[in-house]
Amino acid sequence: EDKVVQSPLSLVVHEGDTVTLNCSYEVTNFRSLLWYKQEKKAPTFLFMLTSSGIEKKSGRLSSILDKKELFSILNITATQTGDSAVYLCAVEANNAGNMLTFGGGTRLMVKP
Amino acid sequence: DTEVTQTPKHLVMGMTNKKSLKCEQHMGHRAMYWYKQKAKKPPELMFVYSYEKLSINESVPSRFSPECPNSSLLNLHLHALQPEDSALYLCASSRIQGYEQYFGPGTRLTVT
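Protein chains in written order, with the working numbering: chain A, 26 to 137; chain B, -2 to 109.
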């Protein structure tokens, strides 16, 4: 069975800190790994990673995938209170349905 | 138009009621998804439509009935629900299956 595990479960930091969120996976026929940010309602798409070692960057957020060790990290530098959210990692398998398997999420709280 | 919209935002229904949730996107996406999300848990896939045809039904009870009348619209018909069906129902779409999914804001459903 496909499995996605995120750590830590929750994290409290102060504004300006840098955080690293982890996502490890066991998936048959891996296709891609996606990161989402979920505040009050819908998950918002952040990154889609398909190749190892290539960093994707958007402002203060960046992410990288290691397909050999089966994990990804999401970095947020100079955190702001607006970064407080649940960060979801999801892995897509190259099967008939291309379904997403979600991790349990990391709940990040950034204090002023 | 780069968003997925869902109506209603909130819905309270009794166990004998029949109601429908609606999801719409005008991004030309040909894959649409229904997810159910309970509090503090990741989204769980319910159904996938690809090119207006039901592609995946994740063993969802028949009291949930999806419908895809055209490529922009996805409905979820609800009948004889149970209180444990109370959750946030999220719709998502992607260019085709296998591309990143974009989520709507969700409908918060309460079954009394």
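One thing to keep in mind: the hints can contain errors.
[Claimed, not checked] Chain B side only, calculated, beta carbon under 7 Å to chain A, not exhaustive:
1. Glu0
2. Gly11
3. Pro39
4. Pro40
5. Leu42
6. Tyr48
7. Cys65
8. Pro66
9. Leu87
10. Gly103
Since the hints were made in silico from the structure, they are not lab data. We put the CB at the ideal spot given by N, CA and C, even for glycine.
Under 7 Å, Cβ to Cβ, is where Leu42(B) needs to be relative to chain A, so tell me if that hint holds or is violated.
-> Holds, because the Cβ-Cβ distance from Leu42(B) to chain A comes to roughly 6 Å (cut-off 7 Å).
Given Cys65(B) was flagged as interface, is its beta-carbon under 7 Å from a beta-carbon of chain A?
-> Because about 16 Å separates Cys65(B) from the closest Cβ in chain A, which is outside the 7 Å limit, the hint is violated.
Minimum beta-carbon distance criterion (7 Å), Leu87(B) to chain A | holds, 6 Å
Taking the closest Cβ pair, is Glu0(B) under 7 Å from chain A?
-> violated, 10 Å
Under 7 Å, Cβ to Cβ, is where Gly103(B) needs to be relative to chain A, so tell me if that hint holds or is violated.
-> Holds, about 5 Å.
Closer than 7 Å between Cβ atoms is the bar; does Pro66(B) clear it against chain A? Give me holds or violated.
-> Status violated, d = 22 Å.
Do the numbers back the hint for Tyr48(B), that is, is its least Cβ distance to chain A under 7 Å?
-> violated, 13 Å
Can Gly11(B) be said to touch chain A, with a Cβ gap under 7 Å?
-> violated, 24 Å
With a cut-off of 7 Å on the beta carbons, see whether Pro39(B) makes it to chain A.
-> For Pro39(B), the interface hint holds, since the closest Cβ of chain A sits about 4 Å away, which is under 7 Å.
Report holds or violated for the interface hint on Pro40(B), using the least CB-CB distance to chain A and a cut-off of 7 Å.
-> Pro40(B) check passes; min Cβ-Cβ to chain A is 6 Å, inside 7 Å.
In summary, the numbered hints that this structure violates are 1, 2, 6, 7, 8.
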